[in-house]
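**Q** Add chain B to chain A, keeping to what the hints say.
Protein chains: 2
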Amino acid sequence: MSKGLPKRSENYSEWYNELVKRADLAENSAVRGCMVIKPYGYSIWEKMQRALDDMFKETGHTNAYFPLFVPKSLFEAEEKNAEGFAKECAVVTHYRLKNDPENKGKLIVDPNARLEEELVVRPTSEAIIWSTYKNWIQSYRDLPLLINQWANVVRWEMRTRLFLRTAEFLWQEGHTAHATKEEAIAETEQMLDVYATFAEEFMAVPVIRGKKTANERFAGADDTYCIEAMMQDGKALQAGTSHFLGQNFAKAFDVKFSNKENQQAYVWGTSWGVSTRLMGALIMAHSDDEGLVLPPKLAPIQVVIVPIFKGAEQLEAISEKVLPIVKALKKLGISVKFDNSDKQSPGFKFAEYELKGVPVRLAIGARDLANGTVEIARRDTKEKKTYEIEGVVEVIQNLLEEIQENIYNRALSFRTENTLEVDSWDEFVKTLDEKPGFISAHWDGTPETEEKIKELTKATIRCIPLDAKEEEGKCIYTGNPSSRRVIFARAY
Amino acid sequence: MSKGLPKRSENYSEWYNELVKRADLAENSAVRGCMVIKPYGYSIWEKMQRALDDMFKETGHTNAYFPLFVPKSLFEAEEKNAEGFAKECAVVTHYRLKNDPENKGKLIVDPNARLEEELVVRPTSEAIIWSTYKNWIQSYRDLPLLINQWANVVRWEMRTRLFLRTAEFLWQEGHTAHATKEEAIAETEQMLDVYATFAEEFMAVPVIRGKKTANERFAGADDTYCIEAMMQDGKALQAGTSHFLGQNFAKAFDVKFSNKENQQAYVWGTSWGVSTRLMGALIMAHSDDEGLVLPPKLAPIQVVIVPIFKGAEQLEAISEKVLPIVKALKKLGISVKFDNSDKQSPGFKFAEYELKGVPVRLAIGARDLANGTVEIARRDTKEKKTYEIEGVVEVIQNLLEEIQENIYNRALSFRTENTLEVDSWDEFVKTLDEKPGFISAHWDGTPETEEKIKELTKATIRCIPLDAKEEEGKCIYTGNPSSRRVIFARAY
Numbered sequence: 001m002s003k004g005l006p007k008r009s010e011n012y013s014e015w016y017n018e019l020v021k022r023a024d025l026a027e028n029s030a031v032r033g034c035m036v037i038k039p040y041g042y043s044i045w046e047k048m049q050r051a052l053d054d055m056f057k058e059t060g061h062t063n064a065y066f067p068l069f070v071p072k073s074l075f076e077a078e079e080k081n082a083e084g085f086a087k088e089c090a091v092v093t094h095y096r097l098k099n100d101p102e103n104k105g106k107l108i109v110d111p112n113a114r115l116e117e118e119l120v121v122r123p124t125s126e127a128i129i130w131s132t133y134k135n136w137i138q139s140y141r142d143l144p145l146l147i148n149q150w151a152n153v154v155r156w157e158m159r160t161r162l163f164l165r166t167a168e169f170l171w172q173e174g175h176t177a178h179a180t181k182e183e184a185i186a187e188t189e190q191m192l193d194v195y196a197t198f199a200e201e202f203m204a205v206p207v208i209r210g211k212k213t214a215n216e217r218f219a220g221a222d223d224t225y226c227i228e229a230m231m232q233d234g235k236a237l238q239a240g241t242s243h244f245l246g247q248n249f250a251k252a253f254d255v256k257f258s259n260k261e262n263q264q265a266y267v268w269g270t271s272w273g274v275s276t277r278l279m280g281a282l283i284m285a286h287s288d289d290e291g292l293v294l295p296p297k298l299a300p301i302q303v304v305i306v307p308i309f310k311g312a313e314q315l316e317a318i319s320e321k322v323l324p325i326v327k328a329l330k331k332l333g334i335s336v337k338f339d340n341s342d343k344q345s346p347g348f349k350f351a352e353y354e355l356k357g358v359p360v361r362l363a364i365g366a367r368d369l370a371n372g373t374v375e376i377a378r379r380d381t382k383e384k385k386t387y388e389i390e391g392v393v394e395v396i397q398n399l400l401e402e403i404q405e406n407i408y409n410r411a412l413s414f415r416t417e418n419t420l421e422v423d424s425w426d427e428f429v430k431t432l433d434e435k436p437g438f439i440s441a442h443w444d445g446t447p448e449t450e451e452k453i454k455e456l457t458k459a460t461i462r463c464i465p466l467d468a469k470e471e472e473g474k475c476i477y478t479g480n481p482s483s484r485r486v487i488f489a490r491a492y
Numbered sequence: 001m002s003k004g005l006p007k008r009s010e011n012y013s014e015w016y017n018e019l020v021k022r023a024d025l026a027e028n029s030a031v032r033g034c035m036v037i038k039p040y041g042y043s044i045w046e047k048m049q050r051a052l053d054d055m056f057k058e059t060g061h062t063n064a065y066f067p068l069f070v071p072k073s074l075f076e077a078e079e080k081n082a083e084g085f086a087k088e089c090a091v092v093t094h095y096r097l098k099n100d101p102e103n104k105g106k107l108i109v110d111p112n113a114r115l116e117e118e119l120v121v122r123p124t125s126e127a128i129i130w131s132t133y134k135n136w137i138q139s140y141r142d143l144p145l146l147i148n149q150w151a152n153v154v155r156w157e158m159r160t161r162l163f164l165r166t167a168e169f170l171w172q173e174g175h176t177a178h179a180t181k182e183e184a185i186a187e188t189e190q191m192l193d194v195y196a197t198f199a200e201e202f203m204a205v206p207v208i209r210g211k212k213t214a215n216e217r218f219a220g221a222d223d224t225y226c227i228e229a230m231m232q233d234g235k236a237l238q239a240g241t242s243h244f245l246g247q248n249f250a251k252a253f254d255v256k257f258s259n260k261e262n263q264q265a266y267v268w269g270t271s272w273g274v275s276t277r278l279m280g281a282l283i284m285a286h287s288d289d290e291g292l293v294l295p296p297k298l299a300p301i302q303v304v305i306v307p308i309f310k311g312a313e314q315l316e317a318i319s320e321k322v323l324p325i326v327k328a329l330k331k332l333g334i335s336v337k338f339d340n341s342d343k344q345s346p347g348f349k350f351a352e353y354e355l356k357g358v359p360v361r362l363a364i365g366a367r368d369l370a371n372g373t374v375e376i377a378r379r380d381t382k383e384k385k386t387y388e389i390e391g392v393v394e395v396i397q398n399l400l401e402e403i404q405e406n407i408y409n410r411a412l413s414f415r416t417e418n419t420l421e422v423d424s425w426d427e428f429v430k431t432l433d434e435k436p437g438f439i440s441a442h443w444d445g446t447p448e449t450e451e452k453i454k455e456l457t458k459a460t461i462r463c464i465p466l467d468a469k470e471e472e473g474k475c476i477y478t479g480n481p482s483s484r485r486v487i488f489a490r491a492y
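So the protein lines, in turn, are chains A and B.
Note that the working numbering gives residue 370 to position 370 of the first sequence, counting from 1, and the numbers run on in steps of one.
Note that the working numbering gives residue 451 to position 451 of the second sequence, counting from 1, and the numbers run on in steps of one.
Rather than coming from a laboratory, the hints here were simulated on the basis of the structure.
Among the clues, some could well be false.
Same chains, same names: a pair is fine if it fits in one copy or spans any two.
[Said to hold, decoys possible] With a Cα cut of at most 30 Å, we get these calculated DSSO-like pairs of lysine-lysine:
no.: 1; residue 1: K330; residue 2: K47
no.: 2; residue 1: K3; residue 2: K310
no.: 3; residue 1: K385; residue 2: K330
no.: 4; residue 1: K57; residue 2: K321
no.: 5; residue 1: K251; residue 2: K106
no.: 6; residue 1: K384; residue 2: K310
no.: 7; residue 1: K47; residue 2: K57
Next up, chain A with everything else stripped away, as it sits in the complex:
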């Protein structure tokens, strides 16, 4: 804390990197592109996991666990999926190390322990899971099969950034099988809704629900749905995807069932996932030059109480007032920390909890003791007010709700202000540079135009919003006819 964070307005990217490290969220490890998720960062991820897991279970899913490794022959079975991930696969080729005869104390790969078949470290688990589903599905009675897995996956990315793009990341991946196309599509849409609800209600991040263009689809999917969020620099971040897999994996792995008419048919599939990337979205959506701003629903510490005291006697007098508050808050399920350590000054603590994004801070000193008051500061607006101790628990409870709502609304206003309808190429290019954000514009529907625009501007089609209305227009680049607007942006 001796030195402040870089300012967002000066170097957003540097601000992000520094914030992630200083707030003890994550750091780079000794393994290229792999991160260490530090305890404070992990405790936020645990809160995300818990909330998502509850939502998955409420919608009828159960968890299971499938192998980390995918034998190469299974990996290549669904051709598009294999092609999409082949270039970034970590591959296990050997199962033993041995002493290096030329260097005492060193090890080398044992050439006699080469695997007969190489194993791919899962970049995603469709292949291994569908090869298993083949044995689990015989009849329509076995459907739908609604399974989720919490796991680590590895994609050998060349340029990595903490949380946003790492070689190994943590995620959940749902994999479901259905008797009909309609049911599979309904599942795909339902899970997109679950993600959107989670993003908006827990992360306080407004998202646009949409579909990806063919270019941006998941490798092996017939359709990819996504939620897209806007970061404070106007760039888009894909926060979750839900894929309608058609019968692609069922055909690749020969997963058939006998339907009610006793005929054999291929099943229909979906898969959907969110990852530790959400941590990046959470950080970049709300935080400021002083540090993290966390939505109360995901904050590991929701309330911190900092006593301002000289000597043990004063601390004791303060504690007497504070402990009943702590107890009452805990009883309401509010996580509270009473930081009565005498190793740091109150000022140091204030800065530290600001950096860590604790939503509500109570301070109580000698004058408060005399007056029967406390000072409450909220992290989101930095507003401070003095309250009577009597009734302070209710004040806090309401404040937490207010903060949750406020940061959502703030992010929503920001997105609204930075989303523009644009109808000409010149304006499109100018807007991207001068007022980066989401651009709602017409596109002629061809992958070629999409590619060209990306090449010229680095902007991609984030999605075709699900609620886009029919509207006659002309493609901003080619001038060809278009029937609805899509969302363009530069993206993480």
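**A** Coordinates of chain B only, in the frame set by chain A:
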């Protein structure tokens, strides 16, 4: 369920394998030695995780996440640890696949994408974690560092068995660093206590707390503490270990801190873990020829209600009685399933829930309706009794506690009956064959004798019990003097 399980008395090993599969706990996968943990099995594991995680947090630990991969140069830094695990390491050597020019649609490892340094898939994480701790620890103020990780690990075992020994398994691994030797030992012992408490209070499995002999120590530890449980075939299963690492990893990774006297010193370490192996212990400790017997505290479904009905009208009348019971049980936090499906007969359902180990079963039919009663069957004793509907919720609540206690006591009696003090070699050999169990015997304290006994009988020293009393005796094999008894057994 068409065919019963193999009988324990005829083929214990086959009984176990079949039970794991038929009760939908786990199955083998397409990857040699790796298992798929099926939803029902995973839901038991989730309950274990939740209980353990709560206990870790209550004792001051937080979770974090470290990379899956360990660069070879870090892996080999702590020599004994490296030596212990080198022979069973999965090694990533490449980071890309490419199209096989000779086989359309097939992939091969891209020889141009060889890693500069090979990556070991973690068999355990001391190396990667201590290389990180080096940067986290500077001063005594940074200590103790109390971190746990939930993760998958890979050990390339040649002979595998579902849950008991698999190439990939799930576990938690605690890694702590302390300023003094005493504190580190206290932590090691504390975590052994946590494991023992979990085994006894949640799994209902009595365990012996002890220390491993030097031969059986974790590679890189100065001391390994363990809990040992007895299975129904009299064999031992090591259910958890807690290691005092001394300064071995601190020295290997140069982790020093400045103490209160401002002197540089190496920190002291511990690590401790339990894994999905606990699932094997749970299954083998309690289950019978009809299927699983689960302790209520870990049962995904604690109570199942099976209506016995003909036609929708009768079902409705039954439901009217049942739904308030369901509601009342849920309110008490008891997980209950009302299986009102008409696809299977009550008899089929009874067998199914017996196989799945549901602790309490309620059945209610036409006669019960008339009498205002229900039939309650407990899984552990198979006892059935009829109760008035009035008050049934309390009956169930008490019954769940009683079952938890009963299966613990049953396992404890079994262990007591099958633990013998033996004082001669002949008796030792005879007991192992005729009445397999734990043998409490004297040993001369040498690794050579331990090895010899293992070679001759396949029995190993499971542990030196922490509560072993001083007692003069003679080693059962060499006749040399010994001052305390140790526990011998054949083991999983």
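**Q** It remains to establish, for every hint, whether it holds in the given structure.
**A** Consistency of the hints with the structure:
With identical chains, the CA atoms of K330 and K47 are at most 30 Å apart both within one copy (17 Å) and between copies (24 Å). For a Cα distance limit of 30 Å, the shortest separation of K3 from K310 inside one copy, 27 Å, qualifies, whereas the shortest one across copies, 76 Å, does not. In this assembly of identical chains, the alpha carbons of K385 and K330 lie at most 30 Å apart only when taken from the same copy (22 Å versus 42 Å across copies). In this homomeric assembly, K57 and K321 come within 30 Å of each other (Cα to Cα) only across copies, at 27 Å, whereas the closest approach inside a single copy is 41 Å.
In the homo-oligomer, the alpha carbons of K251 and K106 lie at most 30 Å apart only across protomers (17 Å), although the nearest pairing inside one protomer, at 47 Å, exceeds that limit. Taking the shortest Cα distances, K384 and K310 sit within 30 Å of each other inside one copy (23 Å), while across copies they are farther apart (67 Å). Proximity of K47 to K57 under the C-alpha cut-off of 30 Å is found in both arrangements, the shortest distances being 16 Å within a copy and 14 Å between copies.
In this structure, none of the earlier numbered hints is contradicted; all agree with it.
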